[in-house]
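Trainee: Chain residues, written in single-letter form:
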Amino acid sequence: MNAQTPSSAASRLTGALLAPVRYLAGIIDLPLRGLQKVTGLTGMASFFLLPNMAIFTIFVLLPLIMNVIYSMTGGTAIFLDSRTFVGAEQYSRLLDCGSYLDSGTCAEDRFWIATSNTAWFVLLQVPLLLVVALVTALVLNRELKARSFWRAVFFFPVLLSPVVVGLIWRWILQRQGLLNLMLFETVGAQPHTWLTDRFWAFAAAIGVSIWAHVGFYALILLAGLQAIPKDIYEAAEMDGTRPSRVFWRITLPLLMPNLLVVLVLALIRAVQVFDEVYVLTGGGPGTSTMYLIQYIFETGFASQLRNPGLAAAASILMGLVLVVLTLVQLGISRTNERKGQR
Amino acid sequence: MATVSQFLFRRRGGASWHWTDIFTWVWLIGGLILMFGPAVWLALSSFKTPAALAEFPPTLLPYVTQQATVEGYDKPLSLYTVTMEDGSTRTLAEIRRIGLVAQMIDPAAPKDIIKVDISKREPVRTVEFATSNYIQPFLAFDFTRYLWNSVFVTTMATLITLLVNSMAAFALSKYKFRGQPLIMMIILATLMVPLGVIMVPLYSIVSALGLVNSLWGVILPTVATPTGVFLLRQYMLTIPDELIEAARMDKASEWQIYWRIVLPLAAPALAVLGIFSVVWRWNDFLWPLIVLSRKELYTLQVGLNIYSGELNVQWHYILAMTVVTMIPVVLVFIFLQRFITTGIAGTGLK
Numbered sequence: 001m002n003a004q005t006p007s008s009a010a011s012r013l014t015g016a017l018l019a020p021v022r023y024l025a026g027i028i029d030l031p032l033r034g035l036q037k038v039t040g041l042t043g044m045a046s047f048f049l050l051p052n053m054a055i056f057t058i059f060v061l062l063p064l065i066m067n068v069i070y071s072m073t074g075g076t077a078i079f080l081d082s083r084t085f086v087g088a089e090q091y092s093r094l095l096d097c098g099s100y101l102d103s104g105t106c107a108e109d110r111f112w113i114a115t116s117n118t119a120w121f122v123l124l125q126v127p128l129l130l131v132v133a134l135v136t137a138l139v140l141n142r143e144l145k146a147r148s149f150w151r152a153v154f155f156f157p158v159l160l161s162p163v164v165v166g167l168i169w170r171w172i173l174q175r176q177g178l179l180n181l182m183l184f185e186t187v188g189a190q191p192h193t194w195l196t197d198r199f200w201a202f203a204a205a206i207g208v209s210i211w212a213h214v215g216f217y218a219l220i221l222l223a224g225l226q227a228i229p230k231d232i233y234e235a236a237e238m239d240g241t242r243p244s245r246v247f248w249r250i251t252l253p254l255l256m257p258n259l260l261v262v263l264v265l266a267l268i269r270a271v272q273v274f275d276e277v278y279v280l281t282g283g284g285p286g287t288s289t290m291y292l293i294q295y296i297f298e299t300g301f302a303s304q305l306r307n308p309g310l311a312a313a314a315s316i317l318m319g320l321v322l323v324v325l326t327l328v329q330l331g332i333s334r335t336n337e338r339k340g341q342r
Numbered sequence: 001m002a003t004v005s006q007f008l009f010r011r012r013g014g015a016s017w018h019w020t021d022i023f024t025w026v027w028l029i030g031g032l033i034l035m036f037g038p039a040v041w042l043a044l045s046s047f048k049t050p051a052a053l054a055e056f057p058p059t060l061l062p063y064v065t066q067q068a069t070v071e072g073y074d075k076p077l078s079l080y081t082v083t084m085e086d087g088s089t090r091t092l093a094e095i096r097r098i099g100l101v102a103q104m105i106d107p108a109a110p111k112d113i114i115k116v117d118i119s120k121r122e123p124v125r126t127v128e129f130a131t132s133n134y135i136q137p138f139l140a141f142d143f144t145r146y147l148w149n150s151v152f153v154t155t156m157a158t159l160i161t162l163l164v165n166s167m168a169a170f171a172l173s174k175y176k177f178r179g180q181p182l183i184m185m186i187i188l189a190t191l192m193v194p195l196g197v198i199m200v201p202l203y204s205i206v207s208a209l210g211l212v213n214s215l216w217g218v219i220l221p222t223v224a225t226p227t228g229v230f231l232l233r234q235y236m237l238t239i240p241d242e243l244i245e246a247a248r249m250d251k252a253s254e255w256q257i258y259w260r261i262v263l264p265l266a267a268p269a270l271a272v273l274g275i276f277s278v279v280w281r282w283n284d285f286l287w288p289l290i291v292l293s294r295k296e297l298y299t300l301q302v303g304l305n306i307y308s309g310e311l312n313v314q315w316h317y318i319l320a321m322t323v324v325t326m327i328p329v330v331l332v333f334i335f336l337q338r339f340i341t342t343g344i345a346g347t348g349l350k
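Going down the list, the sequences are from chains F and U. Our numbering puts the first sequence at residues 1 to 342. Our numbering puts the second sequence at residues 1 to 350.
None of these hints come from the bench; they were simulated from the model. Since the model is a prediction, treat every value here as computed from it, not as a measurement. One or more hints might be untrue.
To be verified - Reference excerpt, derived from the structure (chain F facing chain U, CB under 7 Å, subset only):
#	residue
1	M44
2	V60
3	W150
Stated by the list, open to error - Taking CB as the label site, the calculated pair distances span:
#	chain 1	residue 1	chain 2	residue 2	range
4	F	P229	U	M185	29 to 39 Å
5	F	G43	U	L209	25 to 35 Å
6	F	P243	U	E310	38 to 48 Å
7	F	R147	U	E128	33 to 43 Å
8	U	P240	F	R22	22 to 32 Å
9	F	F85	U	D241	26 to 36 Å
10	U	A140	F	R147	44 to 54 Å
11	F	E237	U	P268	34 to 44 Å
12	F	A235	U	E242	42 to 52 Å
13	F	P229	U	D21	39 to 49 Å
14	F	A235	U	L237	32 to 42 Å
15	U	N213	F	A54	18 to 28 Å
Stated by the list, open to error - The calculated lysine to aspartate or glutamate pairs, modelled on EDC-like cross-linking and capped at a C-alpha distance of 20 Å, are:
#	chain 1	residue 1	chain 2	residue 2
16	U	K176	U	E128
17	F	K230	F	E143
18	U	K251	F	D29
19	U	K174	U	E242
20	U	K120	U	E85
21	U	K174	U	E245
22	U	K176	U	E94
23	U	K111	U	E94
24	F	K37	U	D250
25	F	K37	U	E245
26	U	K115	U	E85
27	U	K115	U	D142
28	F	K145	U	D86
29	U	K174	U	D241
30	U	K174	F	E143
No residue lacks a Cβ here, since even glycine has one placed at the ideal position from N, Cα and C.
Chain F with its partners taken away, still in its complex shape:
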């Protein structure tokens, strides 16, 4: 995080660009000095906090509270004053199922389809993602020439927008796409439309989301690996410990705190899977890749199915899962910090 020394031309340019900003800041200073006379030194803290906290209250805190009220009202109106109070009706509708294992028996079957899709996605994507991220981190932690280059290679997709990720893979998985070309060239397979096949669309959703995010988790794990003291490995080498034993007995236990943090982060993200898959498959074929966020989005905003109260109730149920996961994460990082202090 060290600042670079910019070349003189560049600094002169930024200086020229910043000049009006500096001027404005100078003008603002006069009334603010007056304000400071009224509020006193510490009083100015409120002034500095005000813009951020005002925006934060309006656009984050208020919606959080309003969501609970929304989930207890019915109708299709947007504004609360024209909505009718229905109590827990939305929740009972969401949870009204003959059997929780069969979404067809539920009053709100789309919610249960989305829930079970999300559950399967989380169960399959998170372990796979962690294994790939761990292997990548281990590989990057070896003595490599140009390590930062290789690290960047795996990190590249993390920066791409979900829309771009979705479109890149839609282009590869389509009928005349690269995957079909490679299968045709190697085994002579006939072109297949992968994304209209329920199984392959689901597999693609998992694969693409791993592709897009693995670099992020690998990076955190790599930082963890590099924090393991080298002398432990040297001692193990002196004792002639087998590499596999070094991994299971030294690397893995010492990396466990980082792995747990990454696990919970990956879980939190996987529960909210939406954008790249939405662009990739649109939730299809049918509803086979429709996840919770898409359900909430469509229930809240799509024209035919609009029911904001139901969407709010579903988002609160999802939020509860996320709260539990976040608390687990906070707990883990607490214990990590305490261990680190010792």
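Since the structure of chain F is provided, determine the placement of chain U on it from the hints.
Mentor: Quick look at chain U alone, frame taken from chain F:
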């Protein structure tokens, strides 16, 4: 040969190759292909004509079939290299194809029609970049608008984020006042509030403020990031309080202390947050999709999604515009990647 391979594969300290070394290189090279390959393939495809895009098997480079205008024919005809019965090859233009037989003529002597078996001909193709894929969307579609909207949202949101977050971080790190722990707790607790959980009421608030179908409706809800406040506060805590005390002695106002002392010293953290903010706002998709329903207000991400969801997807334009959408992020990646990787490794934010 043996010495060459010995030279190529020799290792430091004369150690022999272990299976993990081979695995490492397989993983790295595989990663290189898998991570960059798809984006490179997309970029190469974006220079192909619609006809070339519809071909199977597709080619790696953008090929265009050469055409020639022949006297007596209105449309330009495609050129083929034809192997004649006597084994010689000629370049002929195709008039029409009937079953397995193509009727062809020599562009130089357009009188006689030559019938050729279609297995005996190969199209004459050259590598040509279809730059019109890039020019057309800006002329015929609203992509200039979308690009401008995206640039506007990204710039404004980032500037406001930096300003309000740094002000709040300054207050939370350099003052002691009642309620400060409470505010810190709220900020920490909401670090993880995802859009998915609040989108319904947030939409009603934004529409009550009259910001639906306005770029400000996209910008404002995103700027008070708890992540940014937290990151900047942690950094500002390391700025020594003595500096601020000294400035107060010299009758500097609190605003001047914030603006002239703390902000410049927090530049590295501001840079990290600024880069993150640019990438976040440029890539935002779901919220703009909800707030913006008028076509002229779409950001690039929303516009791309809408156009790629049409019944007849004009892939040649979509691919080119995807590349345009990727450019800023690729630039950030090339030049500022190390700020981001240190940012993530240090704080775990994204």
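Trainee: Indicate, hint by hint, whether the structure satisfies it.
Mentor: Here's how the hints hold up against the structure:
1. The criterion of a C-beta within 7 Å of any C-beta in chain U is met by M44(F), whose closest approach is roughly 4 Å, and the hint holds.
2. A distance limit of 7 Å between C-beta atoms decides the matter here; for V60(F) the minimum to chain U is near 6 Å, and the interface restraint holds.
3. Look at W150(F): its Cβ gets to within about 6 Å of chain U, closer than 7 Å, so that hint holds up.
4. For P229(F) and M185(U), the Cβ-Cβ distance of about 34 Å falls inside the hinted range of 29 to 39 Å, so the restraint holds.
5. Distance hint check: the CB atoms of G43(F) and L209(U) are about 29 Å apart, consistent with the given range 25 to 35 Å.
6. Between P243(F) and E310(U) the CB atoms are about 54 Å apart, so this pair departs from the stated range of 38 to 48 Å.
7. Against the hinted window of 33 to 43 Å, the Cβ-Cβ separation of R147(F) and E128(U) comes to about 40 Å, which satisfies the hint.
8. The hinted window of 22 to 32 Å between P240(U) and R22(F) holds, with their beta carbons roughly 24 Å apart.
9. As the Cβ distance of F85(F) to D241(U) is approximately 52 Å, the hint placing it in 26 to 36 Å is violated.
10. At roughly 46 Å, the beta carbons of A140(U) and R147(F) sit within the given window of 44 to 54 Å.
11. Taken as a hint, the range 34 to 44 Å holds for the pair E237(F) and P268(U), whose Cβ atoms sit roughly 38 Å apart.
12. The hinted range of 42 to 52 Å is satisfied by A235(F) and E242(U), whose Cβ atoms lie roughly 44 Å apart.
13. The given range of 39 to 49 Å is broken by P229(F) and D21(U), whose C-beta atoms sit roughly 24 Å from each other.
14. Look at A235(F) against L237(U): about 37 Å separates their beta carbons, and that is inside 32 to 42 Å.
15. Range check, N213(U) to A54(F): Cβ separation about 23 Å, and the 18 to 28 Å hint holds.
16. Taken as a hint, the K176(U) and E128(U) pair is broken in the structure, with Cα atoms around 66 Å apart against an allowance of 20 Å.
17. Taking the CA atoms of K230(F) and E143(F), the gap is about 12 Å. The hint holds against a cut of 20 Å.
18. Under the criterion of a C-alpha separation no larger than 20 Å, the hint pairing K251(U) with D29(F) is consistent with the structure, at around 13 Å.
19. Between K174(U) and E242(U) the CA atoms are separated by roughly 11 Å; this keeps the pair inside 20 Å, and the hint holds.
20. About 9 Å separates the Cα atoms of K120(U) and E85(U), which keeps this hinted pair within 20 Å; it holds.
21. Using a Cα cut-off of 20 Å, the hinted pair K174(U) and E245(U) holds, with the two alpha carbons roughly 11 Å apart.
22. The suggested pairing of K176(U) with E94(U) is violated, with an alpha-carbon distance near 84 Å, which exceeds 20 Å.
23. Distance hint between K111(U) and E94(U) is fulfilled; the C-alpha atoms sit about 13 Å from each other, no more than 20 Å.
24. A distance of roughly 16 Å separates the Cα atoms of K37(F) and D250(U); the hinted pair therefore holds under the 20 Å criterion.
25. Restraint check for K37(F) and E245(U): satisfied, since their Cα atoms lie roughly 18 Å apart, inside the 20 Å limit.
26. With a C-alpha separation of about 11 Å, the suggested pair K115(U) and E85(U) falls inside the 20 Å cut-off, and the hint holds.
27. Restraint check for K115(U) and D142(U): the C-alpha separation of about 47 Å exceeds 20 Å, so the hint is violated.
28. A distance of roughly 58 Å separates the Cα atoms of K145(F) and D86(U); the hinted pair therefore is violated under the 20 Å criterion.
29. For the given pair, K174(U) sits about 7 Å from D241(U) by alpha-carbon distance, which is consistent with the 20 Å threshold.
30. Restraint check for K174(U) and E143(F): the C-alpha separation of about 43 Å exceeds 20 Å, so the hint is violated.
Checked against the numbered hints given earlier, the structure breaks hints 6, 9, 13, 16, 22, 27, 28, 30 and satisfies all the rest.
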